[in-house]
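Trainee: Listed below are the residues making up each chain.
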Amino acid sequence: MKHLDEYRDEKIANALVAKLKSKATKPWVLMEVCGGQTHTLVRYGIDGLLPAGMEMIHGPGCPVCVTPLETIDKALTLAEMPNVILATYGDMMRVPGSTTDLLHVKAKGGNVRMVYSPLDALKIARENPSREIVFFGVGFETTAPPNAAAVWQAGRQGITNFSLLASHVLVPPALRALLSDSGNRVQGLIAPGHVCSIVGLDDYHSIAHEFHLPIVVGGFEPVDLLEAIVLLVDQLESGRAEVENQYSRSVRVEGNPLAQTMLTDVLEVCDRKWRGLGEIPKSGLKVRAKYAAWDAEAKFGLADKFVEEPKECISAMILQGRKKPPECSAFGVRCTPERPLGAPMVSSEGACAAYYQYRRYESAAELAGGAR
Amino acid sequence: MCLAIPGKVLDKSLLNGLLRGRVEFGGIVREACFDFLPEAEPGDYVLVHVGFAITMVDEEDALSTLAYLRELGTLEEEVGVEEATP
Amino acid sequence: MSVLSCPLPIPTDEFVVLGHGSGGRLSARMMEETFLPAFRNTALERGDDQGVFEAPAGRIAMSTDSYVVKPLFFPGGNIGELAVYGTVNDLAVGGATPKYLSAGFILEEGLSLDTLRQIVDSMSHAARRCGVEIITGDTKVVEKGSGDQIYINTAGVGFIPSGINYSAANVRPGDKIILSGSLGDHGITILAQREGMELGGDLHSDSAPLHLLCAAAMAAAPTLHAMRDLTRGGLSSALNEIAQKSGNGMEIDQRAIPVSEVVRGACELFGLDPLYVANEGKMIAFVPAAEAAASVAAMRNIETGSEARIIGEVTEKHPRMVTMRTSLGTERIVDMLAQDQLPRIC
Chain U
17 MKHLDEYRDE
27 KIANALVAKL
37 KSKATKPWVL
47 MEVCGGQTHT
57 LVRYGIDGLL
67 PAGMEMIHGP
77 GCPVCVTPLE
87 TIDKALTLAE
97 MPNVILATYG
107 DMMRVPGSTT
117 DLLHVKAKGG
127 NVRMVYSPLD
137 ALKIARENPS
147 REIVFFGVGF
157 ETTAPPNAAA
167 VWQAGRQGIT
177 NFSLLASHVL
187 VPPALRALLS
197 DSGNRVQGLI
207 APGHVCSIVG
217 LDDYHSIAHE
227 FHLPIVVGGF
237 EPVDLLEAIV
247 LLVDQLESGR
257 AEVENQYSRS
267 VRVEGNPLAQ
277 TMLTDVLEVC
287 DRKWRGLGEI
297 PKSGLKVRAK
307 YAAWDAEAKF
317 GLADKFVEEP
327 KECISAMILQ
337 GRKKPPECSA
347 FGVRCTPERP
357 LGAPMVSSEG
367 ACAAYYQYRR
377 YESAAELAGG
387 AR
Chain G
19 MCLAIPGKVL
29 DKSLLNGLLR
39 GRVEFGGIVR
49 EACFDFLPEA
59 EPGDYVLVHV
69 GFAITMVDEE
79 DALSTLAYLR
89 ELGTLEEEVG
99 VEEATP
Chain B
2 MSVLSCPLPI
12 PTDEFVVLGH
22 GSGGRLSARM
32 MEETFLPAFR
42 NTALERGDDQ
52 GVFEAPAGRI
62 AMSTDSYVVK
72 PLFFPGGNIG
82 ELAVYGTVND
92 LAVGGATPKY
102 LSAGFILEEG
112 LSLDTLRQIV
122 DSMSHAARRC
132 GVEIITGDTK
142 VVEKGSGDQI
152 YINTAGVGFI
162 PSGINYSAAN
172 VRPGDKIILS
182 GSLGDHGITI
192 LAQREGMELG
202 GDLHSDSAPL
212 HLLCAAAMAA
222 APTLHAMRDL
232 TRGGLSSALN
242 EIAQKSGNGM
252 EIDQRAIPVS
262 EVVRGACELF
272 GLDPLYVANE
282 GKMIAFVPAA
292 EAAASVAAMR
302 NIETGSEARI
312 IGEVTEKHPR
322 MVTMRTSLGT
332 ERIVDMLAQD
342 QLPRIC
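Residue numbers (this note's numbering), protein chains in the order written: chain U, 17 to 388; chain G, 19 to 104; chain B, 2 to 347.
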């Protein structure tokens with residue numbers, strides 16, 4: 017497949033790894049933000065190819081993983097309402113709330129539909145005028161403009177039986193919180209490629225400057241990530257702290273202005289609780305008052321309640337990159353994809369799910385991806 | 019959920035005031051909304067995320083990056099450096 | 002013919018009604034008009050409660066499977082064909098020559114009789130293609146809303162030639178793993194149908210009988226150890242099952258695994274892994290190295306095996322675990338999938 021296969025080329029990957037080994041003189045600690053990037057790293061065993069001592073910390077870039085329990089419970093409440101059809105992406109169906117999950121609600125007769133786009137949900141609303149369709153929209157800045165567009169289109173087409181339950185989070189505030197923490201070890205950052213293709217690079221220039229942190233905007237294929245790592249190590253070895261764009265074939269400095277306009281028209285910044293990280297001011301997006309008729313929170317008057325996390329789940333530590341999944345006492349034993357205790361085990365972009373699928377037998381020395 | 023895959027634009031048209039088009043991903047064709055990327059034309063490669071084309075894939079940029087990377091790969095081989103894979 | 006011979010004023014020649022399952026006149030009519038004409042054979046026509054057949058001395062293999070695929074009809078097949086080929090294949094990979102099938106139907110009230118006839122006709126063609134007869138069966142009808150149009154169960158028997166004893170237990174380190182063709186065609190076809198996706202490049206389900214392919218593999222490799230057909234859970238499930246049961250490890254090479262462009266595109270788009278996507282006309286064979294090439298050559302002469310190739314081998318390293326050399330040159334585990342990637346696939 018064009019623009020995909022080339023970035024999985026073995027020869028190029030080996031060359032980048034060799035370059036890395038020749039450049040790196042210290043055990044640098046790097047972080048990749050996006051869950052999709054984490055998945056690629058683990059799936060291809062890339063972190064095992066790095067020079068001894070170098071470490072990849074997996075950042076909180078899995079929007080499903082950081083959606084608070086309270087929000088999932090709101091979605092579950094809506095799904096259980098007789099007149100409501102709740103539409104969402106496949107990933108969210110298995111994430112456990114405090115007592116159940118959407119898949120179980122569906123099994124018991126609740127109307128839950130899996131969709132691939134918010135426009136699919138809008139279509140369901142058009143075809144079912146007597147029902148209330150709620151689209152449970154979870155995501156970062158990449159997913160926000162499409163969700164905003166769905167609300168905007170609903171307004172324009174006079175579709176009143178559609179609303180958005182928004183659980184949007186912004187990457188920069190979470191990064192700032194992580195980087196400001198006293199326990200932070202991250203020395204270089206791979207910025208999320210698709211987020212940047214929407215919002216551009218401005219925020220990341222500020223972060224690089226504020227924290228004297230080298231940042232490289234990276235893609236999602238093995239070669240992209242390896243190249244991003246080489247560029248980061250290059251910066252670190254020469255004491256630079258700039259923003260470089262490895263994913264330049266798809267990311268422009270200014271991002272996508274039309275998408276940004278749609279986002280700011282429909283959504284506005286708000287404080288947001290991140291599962292595992294706590295409340296981070298101005299780190300989320302909510303539907304603006306002028307679109308209240310399409311805001312599920314306003315429409316259904318859902319109250320906020322405080323919910324406690326399962327005690328054994330250390331997703332907070334995982335999302336902060338402080339621990340790796342195999343270090344959790346429940347990993348693979350009491351927490352599995354069939355019976356997850358927390359979101360990082362359920363979402364396909366969650367670190368725990370990735371480790372479970374590809375690294376469950378980490379202790380088997382023959383299978384380790386290489387020198388550590 | 020940042021899954022976005024590069025696909026080739028097959029066609030594009032205005033339907034009920036919205037820009038939509040068909041995009042081909044290695045043999046599978048899907049509809050996408052082009053409201054965020056009106057400049058995309060048939061033959062262009064775009065990234066599609068949850069049914070929306072969000073950015074173009076710059077062919078020239080991609081080609082020059084790949085050329086550089088491929089040369090790196092060939093040089094590696096020629097010099098006969100030990101493969102870095104474990 | 003729509004002359005009603007019973008007092009109920011329902012168009013019983015158009016739709017399935019509860020009476021069709023109650024063993025009375027309507028049931029008999031359905032048997033006469035739908036099943037018998039399609040499944041024509043002596044045993045069935047005798048009209049007894051059981052189908053009786055002659056069995057040679059030796060071992061008999063028996064298998065059963067139920068089919069709940071949605072949608073009922075898809076490019077490359079339908080639920081009826083799957084029901085016949087699926088059971089035929091389960092027998093064939095055990096080295097048996099499939100001979101007789103039973104067919105149990107659970108029909109939902111309101112199912113169009115025309116649809117039923119199409120499915121049954123498909124089963125008839127499929128059975129003839131495999132040289133099997135459907136010699137006994139059953140029909141039940143459930144109320145509207147209690148079943149999804151039609152569920153089919155088939156059970157089958159086949160005769161195993163003497164000296165043949167295939168089993169996961171025979172598999173040994175050094176055995177080559179042969180895959181008969183490309184992965185994921187069935188699963189992606191079903192997904193595309195459900196999602197109303199346009200498919201380029203003639204993609205259709207690979208639903209097919211494998212009895213000739215298995216026979217070819219067996220004939221070319223007398224020391225063949227085991228075979229398995231791939232269905233739900235894909236290649237990964239079949240490999241892992243054999244790895245578990247034989248206690249051996251396995252290593253496969255991603256570069257050797259054929260996947261069509263369309264299936265690849267769909268998998269990338271939906272975040273699916275072709276190793277886990279369902280197939281309905283593919284099998285794997287475990288053959289000692291000395292005879293592997295001959296087996297592949299023989300399989301390639303059969304239509305359903307034209308893309309057969311060696312994709313890996315059994316190893317004494319990492320017992321019970323399947324690993325794969327990725328296209329990047331790194332090694333990773335191919336684990337059993339926790340849940341079905343796509344529901345109601347077969």
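One thing to keep in mind: the hints can contain errors.
[What the hints assert, rightly or not] Straight-line C-alpha distance at most 16 Å; calculated EDC-like pairs for lysine to aspartate or glutamate:
{"#": "1", "chain 1": "U", "residue 1": "Lys27", "chain 2": "G", "residue 2": "Glu95"}
{"#": "2", "chain 1": "U", "residue 1": "Lys18", "chain 2": "G", "residue 2": "Asp76"}
{"#": "3", "chain 1": "G", "residue 1": "Lys26", "chain 2": "B", "residue 2": "Glu269"}
{"#": "4", "chain 1": "G", "residue 1": "Lys26", "chain 2": "B", "residue 2": "Glu199"}
{"#": "5", "chain 1": "U", "residue 1": "Lys18", "chain 2": "B", "residue 2": "Glu262"}
Worth flagging that the hints you see were computed from the coordinates, not collected in a lab.
Everything numeric in this text was worked out from a predicted model, so none of it was measured.
Trainee: Which constraints among the numbered hints does this structure fail? Numbers only, ascending.
Mentor: none
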